[in-house]
Amino acid sequence: MTDAAFVIAAYGIVLGSLAGYAIVLSRRSSASRLAERAIRRQVRKP
Amino acid sequence: MTLAGDALLLAGKDLRIEGRSRAALAATMTLGAAALVMVGLAAGPDLAQLRSLAPALTAIAVLFASLVMADRLDAIDRENQALDGLWLCLADRRAVYIGKVVALTALLSALTLALWAVALVLLDVAGGPALAGLAPLVVVASASAASATALVAALVGSGEQRALLLPVLLLPMLVPTMLASVNGSRALIESDLPSAVGWVAVLAAESALFVGLGLLAYETVAAPE
Amino acid sequence: MSRIGSPGAVVMTAIVGAIVAVALFVVPADRLQGDAQRIMYVHVPMAWLAYLAFFVTLIGSIGYLIRRDLRFDRLAAASAELGLLFTAVTIVTGAIWGKVTWGIWWDWDPRLTTTAVMLVAYAGYNLLRGSIVERSRRARLAAVLGIVGFANVPIVHFSVLWWRGLHQAPTVVRPGGSSIAPVLGLVLLASVVAFTIAYVWLLRRRMALESIRDATRSHLESVS
Numbered sequence: 001m002t003d004a005a006f007v008i009a010a011y012g013i014v015l016g017s018l019a020g021y022a023i024v025l026s027r028r029s030s031a032s033r034l035a036e037r038a039i040r041r042q043v044r045k046p
Numbered sequence: 047m048t049l050a051g052d053a054l055l056l057a058g059k060d061l062r063i064e065g066r067s068r069a070a071l072a073a074t075m076t077l078g079a080a081a082l083v084m085v086g087l088a089a090g091p092d093l094a095q096l097r098s099l100a101p102a103l104t105a106i107a108v109l110f111a112s113l114v115m116a117d118r119l120d121a122i123d124r125e126n127q128a129l130d131g132l133w134l135c136l137a138d139r140r141a142v143y144i145g146k147v148v149a150l151t152a153l154l155s156a157l158t159l160a161l162w163a164v165a166l167v168l169l170d171v172a173g174g175p176a177l178a179g180l181a182p183l184v185v186v187a188s189a190s191a192a193s194a195t196a197l198v199a200a201l202v203g204s205g206e207q208r209a210l211l212l213p214v215l216l217l218p219m220l221v222p223t224m225l226a227s228v229n230g231s232r233a234l235i236e237s238d239l240p241s242a243v244g245w246v247a248v249l250a251a252e253s254a255l256f257v258g259l260g261l262l263a264y265e266t267v268a269a270p271e
Numbered sequence: 272m273s274r275i276g277s278p279g280a281v282v283m284t285a286i287v288g289a290i291v292a293v294a295l296f297v298v299p300a301d302r303l304q305g306d307a308q309r310i311m312y313v314h315v316p317m318a319w320l321a322y323l324a325f326f327v328t329l330i331g332s333i334g335y336l337i338r339r340d341l342r343f344d345r346l347a348a349a350s351a352e353l354g355l356l357f358t359a360v361t362i363v364t365g366a367i368w369g370k371v372t373w374g375i376w377w378d379w380d381p382r383l384t385t386t387a388v389m390l391v392a393y394a395g396y397n398l399l400r401g402s403i404v405e406r407s408r409r410a411r412l413a414a415v416l417g418i419v420g421f422a423n424v425p426i427v428h429f430s431v432l433w434w435r436g437l438h439q440a441p442t443v444v445r446p447g448g449s450s451i452a453p454v455l456g457l458v459l460l461a462s463v464v465a466f467t468i469a470y471v472w473l474l475r476r477r478m479a480l481e482s483i484r485d486a487t488r489s490h491l492e493s494v495s
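Chains as they are written, first to last, in the numbering used here: chain A, 1 to 46; chain R, 47 to 271; chain Z, 272 to 495.
If we strip away everything but chain A, and leave its shape as in the complex, we get:
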């Protein structure tokens, strides 16, 4: 592997990790928000 390839790999890992974490976080947040709304509605029912 050339030096350039190592550099690209390193940058890819950094940007990929951050982007991947952001995406997973977004999905978990959406799911949690849905669950919270559903439970809140259930709790408020007479």
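Calculated directly from the structure, the hints in this document are not laboratory data.
Model, not experiment: these values are computed from the prediction.
Ideal Cβ placement from N, Cα and C applies to all residues, glycine included.
Where hints are given, some of them may not hold.
Selected chain Z positions facing chain A (in silico; Cβ < 10 Å) [unchecked claim]:
1. Ala285
2. Val287
3. Leu303
4. Asp306
5. Val313
6. Met317
7. Leu353
8. Leu356
9. Ala359
10. Val363
11. Lys370
12. Val471
13. Trp472
14. Ala479
15. Val494
Pairs of lysine to aspartate or glutamate, EDC-like flavour, derived with a Cα cap of 20 Å [stated by the list, open to error]:
16. Z:Lys370 / A:Asp3
17. A:Lys45 / Z:Asp380
18. R:Lys59 / R:Asp117
Taking CB as the label site, the calculated pair distances span [to be verified]:
19. R:Ala178 / Z:Ala452: 55 to 63 Å
20. R:Ser241 / Z:Asp485: 51 to 59 Å
21. R:Leu134 / Z:Ile333: 25 to 33 Å
22. R:Ala94 / Z:Val464: 52 to 60 Å
23. A:Lys45 / Z:Asp485: 47 to 55 Å
24. R:Gly65 / A:Ala35: 32 to 40 Å
25. R:Leu134 / Z:Asp378: 47 to 55 Å
26. Z:Ile333 / R:Gly90: 42 to 50 Å
27. R:Ala88 / Z:Leu437: 20 to 28 Å
28. Z:Trp434 / R:Leu239: 22 to 30 Å
29. A:Ile39 / Z:Ile333: 27 to 35 Å
30. A:Ala38 / Z:Ile451: 47 to 55 Å
31. Z:Glu405 / R:Asp138: 24 to 32 Å
32. R:Gly51 / Z:Val464: 35 to 43 Å
With chain A fixed as given, assemble chains R and Z onto it according to the hints.
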């Protein structure tokens, strides 16, 4: 009763229980010896190499056996919620922590010295009269390990994941103790007394640090729900 | 609340993207290390962010123990998770840089070893959090661990000064002032700032998730 008095009473209780059942000590010594044989086998038959690795291999065997020892000692208080009762009767609950540290130091010292005796034979360690220094080194190292272990054992509590959490949380904290005892025992084998004394001083400082930490944090982490 | 396609996310992505472009294509290559030295512009910010994240966890932990306000615990939890990510990325990018510079992926050098210990310590912190169901107990125990665990950070940073090894001694934050070339130093600083903005953005979103979970839990508790 004073903090020290209560602590010694509690340590005495744990040591008496252990003395009667001998469950923890027998099991952990067997485990430690087995671990020593396994690491010796894995490191290969070259006796010269094993001799030079003796402090490290013994430390690993002690580490594994200590995890079992710590768990066993803590189990005494978890049975029938004995800790709740202790918590209610004590004026200063830090006595539970100090008591555990004292008891664990005694048991770990016995365990480690026994394993060293096995290691000296199995790994063909030759040393001079300086080897007698292993006893005080082991006691101080055990105190250091015990003070960290008692705190972490209280932290992980009695949940399902205890078996996983205890080593994961404890091992990073034991790295300085392990390094100091490996270097100290190596110095004793090489009859380098000044270095060995230096490492004992490092271990004593580590003990003081962990005990200080434990005294500050124990009530917060160990309070029964 | 900011989402993936929100203006905040777009701006953050643009800032990070711009810095990456500068680091890869604009800044001249190092005279000695060549192009491999460009890894510094991502490796160093990741290491810095690991320190910062664990420091924020420390603050959150202390804050919780004093005020018993769950907002501090949410801060500590969110930052510890990010710190773990940054530490892992630091180790991986460091290994890549090490392979190019020293020819080996790993060395039992003090900086690398202490960073690995820090990774295990904070992995343990996150495992502990995941294992405790009762909310206030989780916050209390995690707070103690968040304070104790921070001891790793100065040990990692000063390891290169206290013990001899392969890893480079600090060139910026060190006694006697910085020794890095001005242009490279400027780009490095810009990179640190850009990734810190990304950290803050992710931290806020992670805290928001924790807040939603706490709200759900309190709805459930109100009926039980």
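Hint numbers the structure violates, sorted upward? 1, 3, 12, 17, 23, 24, 32
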